[in-house]
Amino acid sequence: MTSLVQQELTQRGLMDAYLSRPPYQQNDYLWWINSAKRDETKQKRLTQMLEELERGDSYMKMSWHAL
Numbered sequence: 001m002t003s004l005v006q007q008e009l010t011q012r013g014l015m016d017a018y019l020s021r022p023p024y025q026q027n028d029y030l031w032w033i034n035s036a037k038r039d040e041t042k043q044k045r046l047t048q049m050l051e052e053l054e055r056g057d058s059y060m061k062m063s064w065h066a067l
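Residue numbers (the numbering used here): 1 to 67.
Hints were generated in silico from the structure; no laboratory data involved.
Please read these numbers as outputs of a predicted model, since none were measured by experiment.
Glycine included, every Cβ here is placed at the ideal spot set by N, Cα and C.
Any given hint could turn out to be false.
To be verified - Straight-line alpha carbon distances no greater than 20 Å define the calculated SDA-like cross-link-like pairs of lysine to any residue that follow:
id, residue 1, residue 2
1, K42, A66
2, K37, L14
3, K42, R12
4, K61, S3
5, K42, L14
Said to hold, decoys possible - Computed spacing ranges between beta-carbons, pair by pair:
id, residue 1, residue 2, range
6, H65, R38, 14 to 22 Å
7, D39, H65, 27 to 35 Å
8, P23, D57, 17 to 25 Å
9, M1, K44, 15 to 23 Å
10, K61, K37, 18 to 26 Å
11, Q26, S63, 14 to 22 Å
12, N34, E54, 17 to 25 Å
13, R38, A66, 29 to 37 Å
14, Q7, T41, 12 to 20 Å
15, S35, S58, 15 to 23 Å
16, L19, Q48, 17 to 25 Å
17, Q7, W31, 14 to 22 Å
18, H65, S3, 27 to 35 Å
Please put together the full structure from these sequences, using the hints given.
Here is the structure:
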C-alpha cells in the first residue's frame with residue numbers, strides 16, 4: 001500500500017472499511033490505483049475507492065454487500 005493510499009484511508013477513517021473487504025478487493029484496488037500512468041488518473045481512482053468504501057455498497061462500480 002502506498003503512503004498516499006494509507007494516509008487517505010486513515011484521515012477519512014476508512015482503514016477498517018478497507019481491511020474488512022476481502023483480500024482480492026484490497027489487492028484489486030491497490031493494483032488499479034497504482035497501475036495508472038498519470039497522477040490525475042491515480043487520484044480519480046483513489047477517490048472512487050474512498051467513495052465506495054464510505055458507501056459500503058459497491059466495488060469497482062458494481063453492487064457489493066458484505067456477508
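Quick rundown of the hints versus the structure:
1. K42 to A66: Violated, at roughly 26 Å.
2. K37 to L14: violated, 25 Å
3. K42 to R12: holds, 18 Å
4. K61 to S3: Answer violated: K61 to S3 is near 24 Å, above 20 Å.
5. K42 to L14: holds, 18 Å
6. H65 to R38: 14 to 22 Å: Hint violated: Cβ distance 32 Å, outside 14 to 22 Å.
7. D39 to H65: 27 to 35 Å: holds, 32 Å
8. P23 to D57: 17 to 25 Å: Between P23 and D57, where Cβ atoms are some 20 Å apart, the hint holds.
9. M1 to K44: 15 to 23 Å: holds, 18 Å
10. K61 to K37: 18 to 26 Å: holds, 21 Å
11. Q26 to S63: 14 to 22 Å: Roughly 18 Å apart at Cβ, these two residues keep to the hinted range, so it holds.
12. N34 to E54: 17 to 25 Å: Since the Cβ atoms of N34 and E54 sit about 21 Å apart, the hinted range of 17 to 25 Å holds.
13. R38 to A66: 29 to 37 Å: holds, 32 Å
14. Q7 to T41: 12 to 20 Å: With Cβ atoms ~18 Å apart, the hint holds.
15. S35 to S58: 15 to 23 Å: The hinted range 15 to 23 Å holds for S35 and S58, with Cβ atoms some 20 Å apart.
16. L19 to Q48: 17 to 25 Å: Cβ of L19 to Cβ of Q48: about 18 Å, so the range 17 to 25 Å holds.
17. Q7 to W31: 14 to 22 Å: holds, 19 Å
18. H65 to S3: 27 to 35 Å: holds, 30 Å
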